[in-house]
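Undergrad: Each chain, written out:
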Amino acid sequence: MNIPTIFGICASMLIGLGLYGIIIQDQVLRKLLSFNLVGTGVFLLFGVIGRRGAEGGLGGDPVVFGLVITGIVVAFSATALAVALLIRLHEETGDDTLLDEAPGEEEK
Amino acid sequence: MISSISSDGTLLVFSLVLPVIGMLLAMLTGGRHARTVVLLMLVANVAVASGIITGIWESGQAITYHLGGWSPPLGIELRADGLSAAMMAVTALVSLAAGLYAPAGFRFPPSKGSPALESRMSFVFWFLLSATVAAMNLVFLAQDLFSLYVALELVAFAGVPMVALSGSANTLRAALRYLIFALIGSIFYLLGAVLLYGFYGTLDISLLAGLVEPGPSLWLILAFMTVGLAAKTALFPLHIWLPPAHAGAPPAASALLSALVVKASFFLVVRLWFDVVPGLPSPSASQVLGAMGAGAIMFGGVLALLQARLKLLIAYSTIAQLGYLFLAFPLAFGMGAGFETGPALTGGMFQAMAHAFAKASMFMAAGLIAEAIGHDRIADLGGLGRVLPVTCLAFGIAALSLIGVPPTGGFVAKWILLEVAATSGQWWWAVFLIVGGFLAGGYMFRVIVPALARDVVPPTLIAPVSKFREAVVLVLALLALALGLFSDAPAELLTLGRPPSADVIQP
Amino acid sequence: MTGDLIFCAGLVLLILGLAAFVVAARQPFPAVVGFVVFGLLVSIAWMCLAAPDVALTEAAIGGGVTGALLLVASAKLGDPSKRGQKMKLARGFHVLVILLCIAVSAGLIAVVLSLPERAPTLALVALDPLESTGVKNPVTAVLLAYRALDTLLETVVVLLAMVGVWSLAKDSDWAKKPAFGYSPERGGPLGLLASLLIPVGVMFCVYMVWTGSDHPGGKFQGAAILAAMGILGLVAGITSVPAVTNARLRWVLILGPTVFLVAGLMGFASAGYFLAWPPEFSKAVIVLIEVALTPSLALMLGLLVAGPPRHSSQL
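Residue numbers (my numbering), protein chains in the order written: chain A, 1 to 108; chain B, 1001 to 1507; chain C, 2001 to 2315.
Misleading hints may appear alongside valid ones.
Claimed, not checked - Lysine to aspartate or glutamate pairs mimicking EDC-like chemistry, simulated, CA-CA at most 16 Å apart:
#1 2136/C to 2079/C
#2 2076/C to 55/A
#3 2076/C to 91/A
#4 2170/C to 26/A
What the hints assert, rightly or not - Pair by pair, the computed Cβ-Cβ distance ranges are:
#5 2095/C to 1210/B: 51 to 61 Å
#6 2249/C to 1374/B: 37 to 47 Å
#7 1419/B to 2278/C: 28 to 38 Å
Think of the hints as simulated: they come from the structure by calculation, not from any bench. Quick caveat, the model's predicted, so the values are computed rather than measured. For every residue, glycine included, the Cβ atom is placed at its ideal position computed from N, Cα and C.
Take these sequences, add in the hints, and give me the full structure.
TA: Shown next, in the form of structure tokens:
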């Protein structure tokens, strides 16, 4: 058991845990938190792969670390767009879930 | 590091750079000029796409370009084969049509006498249209699994706001649901890509094709990526987000979403199964994919029959038509007979192209109908053919292609798939192909037959219909027809420049 | 080595514990706070994985700006609506989901344990031409030379997401300013804190961008800090955002992507390829792009948090 492996297991469990949260939670904000857990798990797993590829005096594979930085920024943009949609939906309907339309809310 | 490239590789760069320039200029000049800027860009994009097709056609080979001169695995390669070129041409034509069709409300100034300020639609729609083109071109060109992840996110971030353009509660909910499916889909795609890097140290598709080894790890990776992409393609049973999203968007946006956006993730499933792991998955795995496709054909078809609103009917028909795309997988991966990409893949891609033209035409026609008579209730469309003849003609031609009636593009696609099903001894897929055709006939004639009826009072027009916009809709429908009439050239284009590994037939 | 191992094992347990709390917490607000702490711990994990550049990004964006976004969101949303709590899951479905998620995690762990003994890596491949890029930090070389396309497209992604957020405005609010959901308190203790912190943050951002080409740091981290300062200033009421139709705002937004794109196109002439830098000017071009991208990205990140333009009476 070495350090990358420990974090690899941690990442795998984060992904499962986050997936559970995404499916089971009703509130969209909680779904988004869970989505971010999955995202963090995927990036961490990539980091483990990068760390295992340490060579030539580097702490890890710089290609991997570069891609993770890009990925984190993209994941943030996704969360921000989702949050903005959620808040608009909440303003319109007072609802913070994606359950089916409340009665009487059908499109005119 | 510096490798040889063909001279027209720069065209690949321009197919990415042009729409990005369109976005930046639209941002700078604002709603006042966004339409002009983006329309010019879309015209140039058609020229670039035809240049790429010409290049591939004349050399018979794929065009590649190494960005910054850095070759894979360190750098990123752009590569246009016949599949990319064909889809880029479809994207260029459909996006231009959507731009020309866009209603007056998306222009500047939206109406006479309105204040000389930028309006939301006169900026946002054009910016998103430009972004869609950039994203689709990247999907078709990038050979790097991570760049393709960025491309998938671009596609989603352009598509989601289009769903919610009207701002009603229902479309906001549909957009949010779509976004959540899209995000989960792309993160699981990325998970697979990350693990591939862990095993093989590269994200380049052609390099991976030479390295991958079958085994449980590869199957798990493939499963993650395929399920993620299937969720984004709304493949049954991961389809629930699609109907409200596609039906709720403004018609010009619905056309882009149904014709193009869902094809992006489908295209990556093709890249994954045919190019990254050519011939490796077992026939039974491809049967599962085919079964989901068959489920989509049945489920989408039956629900389309039950809809009361035209736009929802068209959206459910998209689910059914996307199902056909996934029949290409079991048909190509055989049933113990070995892996043969040729005709099955051609059939699948033909379906993708024909559906793009027909569905774009149909959503835009439905938009004109709703504007002209103020509603899209199917029950009240009787006699429509007499008041909107051109729109109804376009709708009818598009419907024939979706049903698969000769000589349309949709017919050619389904015919090729049917032939492969017969020759590879997989008769059960032929059953779904035929039943799917009857279902499509059923839901389409529900609209067309009353519309052509002579003995009913036609609906009253509450607004005039622009002849120009009707012409755009008709041209799209005629493109779906032309794809069938002149099917030889596109069919050959699809086979050009395919990676050599894809032709290997496994024993 | 064992000391490190024990530290990391403890860190992993804390991370997983917090993640479980984020999923299981009854109320949204504690879950969000848990997530912010989770982000900070994950950035420590990135230090353990010898990735200081990623650690900085995770702390600034993954924890910091995302945290700000989610805290603002949970404040705007208030108490969870009743509908969600009423929904009861069928027990069979719940069990199925649990089994699915356990299977996903177990499958992933099996894959992690079966990764090749000798890990494939591009570390040496990336070091080899490092000198020709003029920068000393190989991660910067990846982001702005070898894979510059990804970085260029990523700025387009952020810009697109920001327009996506704007697009949610009501038609009548389009020419208005983006605004947070609550009124700022000018001159309060938050204002005092902000006026002290913001200059420090801006200095730190300049340092990050400058140092990025040779040491850990860079434009994303710098931009995130700048954005965080902007958000702090907004919340404290000492700065304000112009309307989204403002021409100067639009110029700042497209500055970075435009400089990047123009430099890339000049690569055709100067180095033979799109996004290629001639070796003698490589470092200058990379620093120029980073400097141009920082304000654009900072503004985009800040506006992503601020939300769509809205009429101020809606606050």
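Undergrad: All hints, please: hold or fail.
TA: Comparing the hints with the structure gives:
no., hint, result
1, 2136/C to 2079/C, "violated, 50 Å"
2, 2076/C to 55/A, "violated, 48 Å"
3, 2076/C to 91/A, "holds, 9 Å"
4, 2170/C to 26/A, "violated, 27 Å"
5, 2095/C to 1210/B: 51 to 61 Å, "violated, 43 Å"
6, 2249/C to 1374/B: 37 to 47 Å, "holds, 39 Å"
7, 1419/B to 2278/C: 28 to 38 Å, "violated, 55 Å"
When held up to the earlier numbered hints, the structure conflicts with 1, 2, 4, 5, 7 and fits the remainder.
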